[in-house]
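Throw the hints in and build the complete structure from the sequences for me.
Spelled out from the first residue to the last, the chains are:
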Amino acid sequence: MARMKFLCDANRCIECNGCVTACKNANETPWGIQRRRVITLNDGVPGERSVSVACMHCSDAPCKAVCPVDCFVTADNGVVLHDKDLCIGCGYCLYACPFGAPQFPQAGAFGVRGKMDKCTFCQGGPGKGSEEEQFAKYGQNRIAQGKLPLCAEMCSTKALLAGDGDVISNIYRERVTIRGKSPELWGWGTAYGPVKAPAGAKPAAKQEGKS
Amino acid sequence: MRALKRLGAASLALVLALGLAACGEKVTVYEPGKYKGSAVVQPWDSPQFKGDKAAWERALEVRAGDQNEYLRVPAR
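As they're listed, the protein sequences go chains W and U.
Here my numbering runs 595 ahead of the position in the first sequence, where the first position is 1.
Here my numbering runs 77 ahead of the position in the second sequence, where the first position is 1.
It cannot be assumed that every hint is accurate.
In the SDA-like style, the derived pairs of lysine to any residue whose C-alpha atoms are separated by at most 25 Å in a straight line are [to be verified]: (1) U:113 / W:664; (2) W:732 / W:708; (3) W:679 / U:113.
Covered, in the sense of this in silico footprint (three residues per stretch, anywhere, with C-beta under 8 Å from a C-beta of chain W), are these stretches of chain U [stated by the list, open to error]: (4) 80-91; (5) 133-147.
Keep in mind the hints are simulated off the structure, nothing from the lab.
For clarity, every value in this text was computed on a predicted model and none was experimentally measured.
Where is the CB? At the ideal position from N, CA and C, for every residue including glycine.
And the structure:
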């Protein structure tokens with residue numbers, strides 16, 4: 596059985612926030628809830644790195660360990676889901692999560708917190724219900740359609756990979772082997788490897804005076 | 078005098094009863110949390126896969142493999 600994981604290639608992420616937008620649009624999350632966000636380290640400094648972060652679907656999830664009403668469950672494919680019918684919106688999971696994944700809608704005035712919302716790996720939520728009900732609570736269920744989370748599938752540079760941990764690790768391993776180590780801190784060579792000329796092509800003549 | 082003795086005995090009984098009330102409390106021992114929510118519906122039990130787990134796994138594997146552009150785009 597596959598164990599679903601996300602993997603973000605920090606050398607490829609260009610901080611376009613396409614994953615964030617795709618997630619928000621696909622799941623129609625309410626105002627203030629961002630299941631996924633892009634974090635940039637050393638923003639504006641040469642060599643800056645961006646990484647797209649959401650729930651990492653931990654194998655030993657701390658949110659699950661601290662939940663006072665035990666509303667978290669790990670599905671057979673490793674995706675951490677939570678039952679919104681049980682959640683009391685206490686926020687313990689937010690304190691426990693090292694990634695800040697749990698999100699809380701501002702359900703009312705005076706800082707009242709609504710039920711927790713987080714990335715479901717586009718697998719909907721536990722329990723049976725009408726499709727509309729499940730969508731309103733948890734968002735899309737793409738996994739049941741044989742698809743991967745939209746954030747990863749929409750990623751233009753394929754920095755964000757999603758799927759079976761073994762499969763995406765192999766993709767990343769192959770990528771790192773091909774691109775090798777580049778003297779550049781960032782750029783095409785670092786992210787995609789050296790550019791090879793097509794077989795049989797003549798080397799392009801140097802054009803001076805043009806950048 | 079007798080009434081006073083009765084009152085004293087009654088108050089002593091009350092103090093004893095209140096004092097020992099806590100002794101009957103159950104000790105709460107931590108038990109590892111057990112999920113109490115609704116059961117997880119397996120993704121292969123969807124109308125598309127109709128319980129065919131192998132077909133679902135194949136579909137996801139293909140989809141995951143499509144993220145590898147070295148396979149998707151033939152090498153030059």
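Quick rundown of the hints versus the structure:
Pair hint residue 113 (chain U) plus residue 664 (chain W) holds up; C-alpha atoms about 8 Å apart against a cutoff of 25 Å. A threshold of 25 Å between alpha carbons decides the hint, and for residue 732 (chain W) with residue 708 (chain W) the separation of about 16 Å falls inside it, so the pair holds. Between residue 679 (chain W) and residue 113 (chain U) the CA atoms are separated by roughly 11 Å; this keeps the pair inside 25 Å, and the hint holds. Counting residues of the region 80-91 of chain U whose C-beta lies closer than 8 Å to any C-beta of chain W gives 0; at least three are required, and the coverage claim is violated.
Using a Cβ-Cβ cut-off of 8 Å, 12 residues of the region 133-147 of chain U lie near chain W, which meets the minimum of three, so the contact claim holds.
The structure fails hint 4 only (numbered hints given earlier).
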